[in-house]
Each structure stands twice: as C-alpha cells, then as structure tokens.
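K.L.:
Taken in order, these protein sequences are the chains called A and B.
Remember, the numbering used here sits 50 above the position in the first sequence when you count from 1.
Remember, the numbering used here sits 50 above the position in the second sequence when you count from 1.
These are calculated hints, taken from the structure and not from any lab test.
Heads up, a few of these hints could be off.
To be verified - Residues of chain A clear of chain B, computed beta-carbon distances all greater than 12 Å:
no.	residue
1	Lys-251
2	Arg-265
3	Thr-316
4	Gly-438
5	Glu-508
Unchecked claim - Here are some chain A residues pointing at chain B (derived, C-beta under 7 Å):
no.	residue
6	Pro-496
7	Glu-497
8	Ser-509
9	Gly-511
10	Ala-800
Said to hold, decoys possible - Here are the simulated DSSO-like pairs of lysine-lysine, each with C-alpha atoms no more than 27 Å apart in a straight line:
no.	chain 1	residue 1	chain 2	residue 2
11	A	Lys-622	B	Lys-59
12	B	Lys-128	A	Lys-251
13	A	Lys-642	B	Lys-128
14	B	Lys-595	A	Lys-622
15	B	Lys-642	A	Lys-470
The C-beta atom is built at its ideal place from N, Cα and C for all residues, glycine as well.
Number of protein chains: 2
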Amino acid sequence: MDNARYIGKPVRRVDGRAKVTGRALYSDDIILPRTNYAKVLHARYAHAKILKLDTSRAKELPGVVAVYTAKDIPNNDKYFRMGSTGDTWVLAEDYVRYIGDMVAFVVAVDEKTAEEALGLIDVEYEKVPVVYDLPQAFEAADLTRADRPGNIAMPLVVSRGDVEKDFEEAEVFVTGRFTYPSLSQLHLEPNSVTASYDMGKLTVWCASQVWFHLREDISAVVGLPEKDIEIRSMCIGGAFGARNDQPLPIIASLLAVMTKSTVKMTNTRLEEFLACRPSVPMDVEITLAADKEGHFLSKKTKLLSGFGAHSSDSDAVTAIACLRADNNYKFRSVYVEGTGLYTNHTPTAAYRGFGNPQMHFALESVIDMMAEKLGMDPTELRLLNHHGPHETGIHGFIYETNGIAECMEKAKELMDWDNKKKNKRPSKGVGVASLIHCAGSRAGKPEFAGTSAIVRLESSGALTVIAGECEMGQGMTTVASQIVGEEFGVDPLTVGTLFGDTQWTPFSTGTNGSKLTSNLGNSILFACRNLKKQLCDTLRERAGKGPVVIKDGAVYSENTGEYVMSLEEAAKTACNAYNGRPFMGVGIFEPKTDLGDRTGYGNLAPAYPFGVQMAEVTVHDDGSFTVDKLVSVHDIGRVINSQMALGQVYGGVTQAMGAATTENLSINEEGVFQANTILEYKPPTVLEMPELAGDFVETVDPYGPYGAKCIAEPPVISIAPAIANAIYDAVGVRFYDVPITPERIRKRLAELKAKEQEAK
Amino acid sequence: MDNARYIGKPVRRVDGRAKVTGRALYSDDIILPRTNYAKVLHARYAHAKILKLDTSRAKELPGVVAVYTAKDIPNNDKYFRMGSTGDTWVLAEDYVRYIGDMVAFVVAVDEKTAEEALGLIDVEYEKVPVVYDLPQAFEAADLTRADRPGNIAMPLVVSRGDVEKDFEEAEVFVTGRFTYPSLSQLHLEPNSVTASYDMGKLTVWCASQVWFHLREDISAVVGLPEKDIEIRSMCIGGAFGARNDQPLPIIASLLAVMTKSTVKMTNTRLEEFLACRPSVPMDVEITLAADKEGHFLSKKTKLLSGFGAHSSDSDAVTAIACLRADNNYKFRSVYVEGTGLYTNHTPTAAYRGFGNPQMHFALESVIDMMAEKLGMDPTELRLLNHHGPHETGIHGFIYETNGIAECMEKAKELMDWDNKKKNKRPSKGVGVASLIHCAGSRAGKPEFAGTSAIVRLESSGALTVIAGECEMGQGMTTVASQIVGEEFGVDPLTVGTLFGDTQWTPFSTGTNGSKLTSNLGNSILFACRNLKKQLCDTLRERAGKGPVVIKDGAVYSENTGEYVMSLEEAAKTACNAYNGRPFMGVGIFEPKTDLGDRTGYGNLAPAYPFGVQMAEVTVHDDGSFTVDKLVSVHDIGRVINSQMALGQVYGGVTQAMGAATTENLSINEEGVFQANTILEYKPPTVLEMPELAGDFVETVDPYGPYGAKCIAEPPVISIAPAIANAIYDAVGVRFYDVPITPERIRKRLAELKAKEQEAK
C-alpha cells in the first residue's frame, strides 16, 4: 500500500466536525409534536415480594395518560432476545429481584407529571434474602429465583486433550483464584428513545449497536411484525457493549403502541447504573501445569460468572471467557468448568472485551506466578508458549497471521523492559500480559456469519455507503469513507454514509466483536469494486466510451490513459443510460468461519488480533500507587487509519486503567450498588493517566480489507494483569482481585509484614 | 385480467387514512429548532422603474437576520431552469415587471419580525405603461421589457402538407377567434418550504412535481453541487402543474445558504395568486376548411400566448397548444403560427392539460360551427374526421389503440344525445367536444424519455416501491401498491412507498404529462418481476428450494404447486443467503418515442388517451344559465383503479367547470389581478355542480402496464367547448371567450336581439 492515497493515513474523522460543533443529532435531540413522556418505577429493594401494588392514585393525576403493571403487558414474558432460556420479563410480577427491576410504567403528557405519578404508586414489599456475590450464589443457601435450583443459569464443561495425563507429566504447578467485578460501560450519552406509533407503524429513534436484533426484540414484546417497525439510527454517544441489549427502546416502543402515541424516555444517570446491562462479574480459579522448561502442558479452570436476575449476553460472555484466552498458548490439554449464576444484581451482559478481560486477568496473572516459580522472565515464558502464524489454537482458532512475538519485542523496547528488569528499583516494578481476541466472532445469526453493504452512486455523483452496522464513536464511518475514497480516488469527507436505519440498510448482526473493519470493511470494498465494474461496463456498453477505468475521482481510457469525464458526469451519463436508475454496488463478505461445535471448538473468526500490554508502577509507602507508564502493542493487520487506531488504543487503555484500579459496580449485602454516580464510580481522569505508548505490528491478513484485522476491543484486555504483575514486581504482593485499590494494597502490605514478622 | 386480484378494482387509497385523519405531514408541518423565517417584498406596481431601494431601516430592526436585494444575490440571473432563454432573474433590479415580482428578501427570527421589516424597506417607483393583454402585447406599442423587441418571447411556425392547395379544394370554411384567460391551478395547500443549510449540505423539505429538476434549479441559483442538496418529499396538497416551476423552494434554499441557517417560508394565499405560475392565456384564431361532405381538408391557426414577465413552462405549453389537438383529426394539411408574448402578467406555465384545453376550446368550437354550416350532427362530423386505431396523426402521433368512436357512442347514450337533438326543448341545449392527449409527452431530458423504479424486499418481508416521481393526490402510490399487490399477491395497503426523496430514489423527469401510470407503472411492474425472479432464483440456487413461484403472498413449488413458505420467511431466507443484503428489483421502462424534429413532428408519447365530453345546459331569461349534466367518457386503456379513475374524471370535470364558467386570473390595465382571494376567484362549489356521468372505454394498450394508458389530464380538456356548444344549441349564441359568465350571456343575448330587430 505504498501508493495508497487514504488507507493507512491519519484521515480526519468524517463525523468529527458535526460532533465538536454540537450539530450532530443524538437521540435526546429528537422532539416530536404531541410527545408523551414515560417513566419507570424501579424496585425499592434488590429482593422482595410484592405484597400490594396500587396505581389508582397515580392514574387519577391530571396529565397521566396511562399507568401499567405486569398484568397489563400482553407479552410480559417475551422480554429480550437474549433470554432464550425464558428467564426474563418486562415488569416484575410477584417479586422484584434487583434494584432497577421494573414494577410499573407511567406515561404522561410531560416528564414532571410522569415523575410525580411515580410517587403516587403504592407498593408494599416484604424483603427476602439477597444473593449478592458469586460464592454465596454457588452455595445456593439463598435463591435468587425459586424456579432456578442452585441459582444455576448456565453450566458449561469443556475438556480437550488428556488433562489427567498432562497433569501427571507436569512438574511445575501454580494455582490462583481471581475475582473481577461487574463494571459499567459508562458511555457518556445516557439512553434516550422516542418511539412513535401511528397508523399501524412504529418508528423508533434511538442509539443501538444491533438495530436489527433490537427490531426483533421490539417485535416480540410489542407484537407488531418486524416490517411495521422502523428504527432510525441516531448519533451514538458511546456503547462499549452496553447497547447490545437495551431495555429502554423496547419499553418506549411498547408504551407507544399501548397508548397509540409518541413516547419519549431518557434515562437518568442513576438508571444507567441500575437498569442497564453492566459487565459480567467473574470468579476464576486456574491451575496451570508446565514442564520444568516452562512449556505449558495443561490447565484446569473453574469459573463462576454472575448473570444477575436474568440472562442477557451473559451466557455468550461466559462461554467466551471460558475458552478464548486458551487459544493464545500451545496447551496440550485444558479443562474448563464454567457456571453462570443468578444473583440479585442487575442483569449483566457485554462490555468491550466480552469476557476476555476477566479471564485474561486470571490467566495472565497465573502465568506471571509460573514465571516466578520457574525463575524465568515473564516475557520469555510467554514467548516460549505463544502460538505463531499458521498454527491452530486449542479451541480451533486458525491463525493466518500472528504477530505476537513482534508485539512482545516492540513492547519490550517501548518499556525498556530488559534494562528495568535487570536494574530493579525500590518500589518500582514492571509487568507484562499478552492478549488474543477475535476480529468478529461468529455470533448472532446461525444462518450466516457475514455482512453486506451497498455503495450507491446517484445521478448527481453522490457516493453513499449504506450498512446495517453503526458508528458508535469507533470511527467506522471514517473507515468506510476511506475505503470508498481509496477505491474511487475521492476525498473521504465527500462520501456519505447511512449506517443503521432498518428501512434502508442491509440486515446486519450488529456492531460487536471488533468485527467491522474486517467484515464490513470487506463488504464495502467489494461493493466499491462491484460499483466500479457496473459503471465502467455501462459507460462502455451503453454510452460508447470504450474500455475505461476509474481513478482520481474521474474516468480514464483504459487503453490510452486519457481523461474521459469526471465522476459526476459519469454518474449522470450512466444513470441516464438506465432511465435514471441509481447505481448500487453490492458487496457481500462471507468469512470462512464456523459456528463451532457444541463444545465451542471451531474457527470462529475471519482473523485474530494479538497484543502485548505492559505496565510500570510505583507503590508508595502509604499503599497508594502510581501507574507510571502503560505500553500497548497490537497486531491488528494492516492499519487503516493510523490516528484513529491509536485513538482506540489510548481510549481502551484508559478505560482498562479504570477497570484495574478504581471502578466497581458490585452490590452490597442489601443489593445496593457501591456506586450510583460517575463521581462515586470513579472512572480515570486525565490526572490519573500515565505516559501511554501505543504501537502496531502490521501483519497483512490475507482475508481482511487491504490486510486489516481489527482494533476495537483488544486494548482493554490485558491492562489489569499487566498492572497487577507490575505491582507484584514492585513490592511482592500478588493481587487476586480487581480493582487494585490503595486500601487493598495497604491491607495486603500489612498482611505481608505480619507474615514476615511471624516468620522472624 | 378476469382473474386480477387488485388491478381494475376500486382499491382503497393507501394514503387515504393518513390524509383524512390529519396525520399526513405537509410541508408546513415541519418545524425545526432554530428556524429563521423569510418574507418577500413584492412589487407595488405591475410595471415600474425602481428609483430608490433602501433597506437600512429594515436591517436595523431587532430580530432581523438579513435583508437582501438583487445586488446581494450572486446568481441573480440564473433563476429557473425553464428560463433557458436567459430572460429570468431572482430579484428585480432596475424595473419591476409584474405584481408579484420580487424586490427584496427579509430573513428574521420569526415571521412577525420579517413581516414588520418588509414595511421598513423604502422603495420609490416610477410607473411605466403596463402591457396587460395579448393584442396589446402583439401590437408592441408598449414593451414589457426594453431588451425584448416586439414583446416576442417565442415564435413558432409549423406547416404540414399543401395548405394552399387544400384551401383551394375546400368548399366550406368557418373562422373563429377565441380567448382563454390565465387560470390558477388553485391547489389548496399553499407552497411551504423549510430549507436547512448545515456543514456544507442543504436539505429542503417541500412539495414538488419535479424533485430532480428542482434540485438542478436550486443548485444553479445557490451554487452548491447537486450532490450536496437533498430534497425531502413532503405530502403534497395538490399540484395540477403549478409545482413544475416553484419559486419558493429556490428562494428558501438560497436564503438558508446565504444565512447559513434554517429558513422557513410559507406563501399566503395572495402570494399563491401573485407570485406563482398560473396557466398561459391564449388568443386563438382558426380557419377550418372542409369539403362538402364535411371531411376536414386543412386548417390555419394563429395563436398568441401570454408568457408574462419571463419564460417558464410557457414555451412548452405554447408548442403543445399549437400542435397536439390537430392529431385527433384526419387533416390533409395544417398551418400554425404561434407567438409567445411578454406581458406584465405573472409568468405563466403548466396547468392540467398543458395548453390543450386552450386549443380544444377554439378547435372544438370551430368544429361545432362547421357542423352547423354543413347541417350535420356535430357528433357525426367528428366521427367522420376522427382518427382510428393503427393510424398516425398529422404531427406524427402513432395510435396503437384509439377508442374515440366507442367513447362517442357511450357519451351519446349517457347524454341521450339523439333524443335531445331530435326533440329540441326551449332554452335547453346539448354540446359535444372531443379530446386527445398524451400519456406522457417526451420532455424534460433529451437524454432519455423513460423512468425507473426500485421495488425493495427487506429481510423483514417489507415491500417498498421507490420512485422519483410524486404522489400529489392523483393516487400514484395506490396504483404502485396495486401493481405490487397484484404481482406478489399481497394486500396493497401493506406495501410501502417512497416517492421523491432525492437521496433515495431514482432520478426522474418528474410527475407531469399524465405519464405516471403508463411509464412509472411499467417500471414498477418490471421491478416486481425482476424482484420475483431474483427471489425465486435465490431460493432455488442458494436455499435448495427447487423451482418455485410467488403468488398469494407466499412461495409455492412450481412443479407440485405445494406451499413452500410465506413471503416473510422467503425474504429472511433469501436475504440471509446473501449475508443480509436486501433484494432490490429494478425496473426500467424506455418508451419507444422520439423527441420530435424541430417542427415538433414525432411520436412523442408511448400511448394516447382519447375522450368525448358533453354538456347539457339551460339558459334562463335573466342570462344566467345552469349546467344540467356533464358527460365525460374516456379511452384510458385498461383501468387500474376503477374508483380512483372515476375520481380523476369527476375532479377534472369540476375543475374544468370552473375554468369554463367562473375562474379568471387576468390582470386589468394597472396589471392588477381581477381575483386575489379564493372567494373572488370563484372556483365551483358543490352547489354549481351538475349531474356528472363518467365512464371508460377500456382499450388494451400493448405497451402500458396491464394495458393501461392514463387519465390525469384528459377530463379537463374539452368541458369548456362542450358547454359553449351546448349554450349555442340552447339559445343560438356562440361564445368566443371563456369564462362564459351570465354578464357575457346577457350582453350577447342583447346584441342578438338588437340584430334581430334590426333585421326586421
């Protein structure tokens, strides 16, 4: 790509200007005439029996349009596609099972009235014991739900190779048990929806990662056929997995249809914490078995994951946590036992990394323990065990490219690793962790794994990319515009994009699994080439222009290289030749992946990104610590946009810093969140951020567009274990629980001191 | 079509429910945040020199955003595509040339401020003589414009055959000179536009018959490339030709770009009269020459038409008035001299019938005079001279079908013609007039005459017709839905339609010339068949369903006739087979027509509708008269929707009743309109409407969809001559001028009486 015009270049974001000037339209900017406003009455307790629920006073309040409880909702049990196990509901009926559980809906002519009506709903509760953490749920002394014995939402057992034999042969063992809390994705734009029901048709304005799955969900709950539902894609203020499963658009749609009106709902920040779908907390115990040279022979894993009160993406997240990370290392065998558990936590789901950060924290910590036990440099131990290109992971991943060794080399340079390991400084340490991810995991639709896109050339010369995925800040509209720009030789800023309106775009399995560049990028590339062929054929066959090619935004003779006409003239000529019909290039990408067998074995993704992350820390005498530097080096295939790719790395590393050191969305014994505001939740600010060094290893993937794989999720995956390993390197304290807080450090240092003194 | 499910049936309008419940969104319903409002300062006089134009006080008014005069407008001379002769402008500079001419624009934060600012603009005029009627303009003593000698906007001379020889051979001659005033199309929804300029892109919400030509006009005046302009089609409250050339969307767009904001403008009813584009007034003198059996041998025509202060569609209207009607009769030769003249009237343009009613009034009156002179029944004389099927008209029209003889027969039956002619009743009379029109005259784009449409099948099973034409009340979305319904066996009410958004639809030459059913209907039909083929091929080739066909809204085995799956399942299966890509059936119809040579000779239309209209009147002693009955029988090819076709006939006949008897948009010597309100303009009300009898002769056109031709314009064409001929039949007074008012009848009856007494 030496002669590339836009690919690999730091092309300016096509949506940047609208966003920084405030002209971009977000969901809450939609104001329609005659809009009603709806509010949700959430549970007062995390687990309680509803003894009485009286809405009569609320209904009498002037301005109240309707008040609904469970008995009013026809499809109350058809809530959420992810609840394929039938464990979900719209409104709570007999019991509330988490704070954020929904008891009633109020629709009123304005927000204030709706709010006031909530206060007039009379509910009497009888509290029952709260299941608030994973060991407690696993012991099943208390049940989240009477109908779910043992609190078990999902069991998963996978065994590959001869685990017992390998454990017998192994000479070195390490074991650790690690916990990872539920986290908020914390996208800054709260959920907001306007749903309008008119003459049998429902139109929904909102933000989503999965427009078409959302349409399916709405259809199931609302009872309208999908073809009578249109979701209009609004600008999206972040998602990070949270917009894979969103209650609000479904509720607003339901209320719009039930009241035959337009209903608007916007979450408060508290509701974003209480009633959305944060990440899946996990409790992971690993025993790693190696020979004395350090070759990993086998591994046993026991994983508990917290689903909350019902299932969402948590089943898929748990399955991925159980298996994905294993593929990074040349294990001979592995055994995994995973158990998804109901608790009285808000239902949990997808978060950037999709279970992979949780498992990487455990696995990459255990590997660090193994390195210490073997007396090896942790980078060496990893390099010894990593897979390389053209190899196959233990669960079936096939690596066309694998640049993890080069990532390690580059990361060591950026961290000055060898020097810092050789010359240990007091209270200072460095840590490393590797990572593997998928560029689009086969998911969503068993029917197909691919994606399709349309690139449309209109008679005016306007080029528009039409896709069913979304721009959620990750920059896909810019990548799409770069691809069109590259293929036609036009400025990417002049390319139009329509991402996600269900009436106009191809069906899509959504924006998740870091798959857009590799999957949709290909579809767009193929659509461009299909369009160019159609256009050149038409100019030759119906406009007598001879053999022509398109480059530099114009048409040239293929034989003589002479300029023939501008792209605008070509568009007009070609559309006229077909009586005004626009030209629609269609691109279809069907990755050569499989769904996996029932044990999860299979080549799930078209490509696999790898990476190495390192941390340098200083632990202060008072137990506080400073992350001094974070290094993040990624094999993402060909880099499409150098500036945006680096932006993804810095953003992801920052987000992972918060997960590793401050953020926590656990509940206490009463089922109450420990953080209900951004201030309490403590995402990192610029003050906490260390020096960041991001870089790439550009392998060229044979299937990706221009050789690209992906970047979105990987930067968050191994920051926590890198920091934990660095703290161990600094002060010899191993951390089994994130977030790693000064309080916990002080406690562990005190324990260590006590133990040392005892030993004296 | 005996087994048709929807074609030919009285299918309910698909847009009916939204319109009668008030849910349909018209242009004025659009309210965007931060909208500015603009107003136009119109000329105070119909012809005056601008001595002084001072906007400084207006600019100082708080809330005024901008005030512009001609010198501020960069492309002031690029106004309107129709002004290809370069005779047009945006704002008047040195002279105002009609009342309604524009002197200044004001943009303000609200309408009231804009209105107030208009009053603060200081203009001094010096009046100059007004050219107010056609003979005066033709004499050219006063000029409308100094730069246009003789007031001549357009000369046209066409001669076919040997006119002089045929006149020598002829034995019977009649001559008459007829006038037809300018008329308002009087669509009930005034023009309203919201234009929003943001980040280099212009979005315009409005109603139009020609979205894409309008985009060209806006581009030329505003200076933005077409690809940066999107016109969003709003519901249209009537058009009748008036929305072929609309100043308002262009002005609002210009002001939005100049102020970099959102600008809304809505015409008052007065502005609808003053500053839009009413019909072209004409003054027609015809000498008809026949042999003694009544065979028409030749005809000489002199036509003056009033363009107003500059050109719009008036040139095309004049050309059609000169030639089209001739094609209905077997002339051996004709000579036509047409002259378009500038006057100080508002520029004139298209009105349902496009010049044809003006000429039919003259020609069908002259034929009546000829019948009297020959002592023939006027229906017999017409039948003797009409063309039949498989013949070619004198200007090149080729008739695949021609049911005019059957129309005459049916009309006579409906009127009880023979009986009423035989038994003449005092003060009562009957009149007849024939008509010919085109189902889509070749126009607009020399590059192509056709049209294209997309029928889209989405994974949900939703079927949507996408076309660049418009629904303006004529019912095309219903016809489109019927065609899709017929082809797929689904309820037309479930078919979606997107007509006219320039970003999503094929380029179109617009909605005019009665062409939609015959042209676009074919494109939609072909698109359906293309889509069905794609769908069946996919189910066979990629889903293993074997040979299948689509009928009754489902998929059936072609071999066994067994049910295979629903259309919804088929859509999902087929879209999945292409990774989510929607199916887009494309239909292209390219009629076998030609543009005509420079004399206008050519087969301009894919099909020709014919018709016969009859009137029965009673003339009262006081000069007032009553139209007792109107009969309108049309050969429109296959009838697609029996109820809507009849609706078109009744609507057209009613509109023509107004033209014939009350409406008049002439100016007086001061250039002031004789009617400035609907009350003064006097369209017919239900009280004036007689018994209406409409019927059809269903020829089956070989090229039309299911054999259809068209209906839209024909019903207005020959009502005025039918009424005039009936009045002559009743009281022996020939009317040469419409409207035929009681005042004029009284005057003519008095003249007649005086002449009779003189003769005594």
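K.L.:
Confirm or reject each hint.
P.N.:
Hint-by-hint comparison with the structure:
1. Separation of A:Lys-251 from chain B is inadequate, the least Cβ-Cβ distance of about 9 Å not exceeding the 12 Å criterion.
2. A beta-carbon of chain B is positioned within 12 Å of the beta-carbon of A:Arg-265; the least distance is around 7 Å.
3. Residue-level check passed: A:Thr-316 sits 17 Å from the nearest beta carbon of chain B, beyond 12 Å.
4. Listed as a non-interface residue, A:Gly-438 keeps its Cβ farther than 12 Å from every Cβ of chain B; the least gap is roughly 31 Å.
5. For A:Glu-508, the condition that its CB be more than 12 Å from all CB atoms of chain B is violated, with the nearest at approximately 7 Å.
6. Of the supplied interface hints, the one on A:Pro-496 is violated, with its beta-carbon coming no nearer than about 10 Å to a beta-carbon of chain B, more than 7 Å.
7. Below 7 Å, beta-carbon pairs count as interface contacts, and A:Glu-497 has one with chain B at about 4 Å; its hint therefore holds.
8. Annotation: interface hint on A:Ser-509 holds; nearest CB of chain B at approximately 4 Å, less than 7 Å.
9. Given the 7 Å rule on beta carbons, the hint for A:Gly-511 holds: about 5 Å separates it from the nearest Cβ of chain B.
10. The beta carbon of A:Ala-800 is not positioned within 7 Å of any beta carbon in chain B (closest approach about 58 Å), and the interface hint is therefore violated.
11. Pair hint A:Lys-622 plus B:Lys-59 does not hold up; C-alpha atoms about 39 Å apart against a cutoff of 27 Å.
12. For the given pair, B:Lys-128 sits about 43 Å from A:Lys-251 by alpha-carbon distance, which is inconsistent with the 27 Å threshold.
13. Straight-line distance between C-alpha atoms of A:Lys-642 and B:Lys-128 comes to about 56 Å, which puts the hinted pair past the 27 Å bound.
14. Taking the CA atoms of B:Lys-595 and A:Lys-622, the gap is about 40 Å. The hint is violated against a cut of 27 Å.
15. For the proposed pair B:Lys-642 and A:Lys-470, the alpha carbon gap of about 83 Å is over 27 Å, so the pair is violated.
Violated hints for the displayed structure, listed by number in ascending order: 1, 2, 5, 6, 10, 11, 12, 13, 14, 15.
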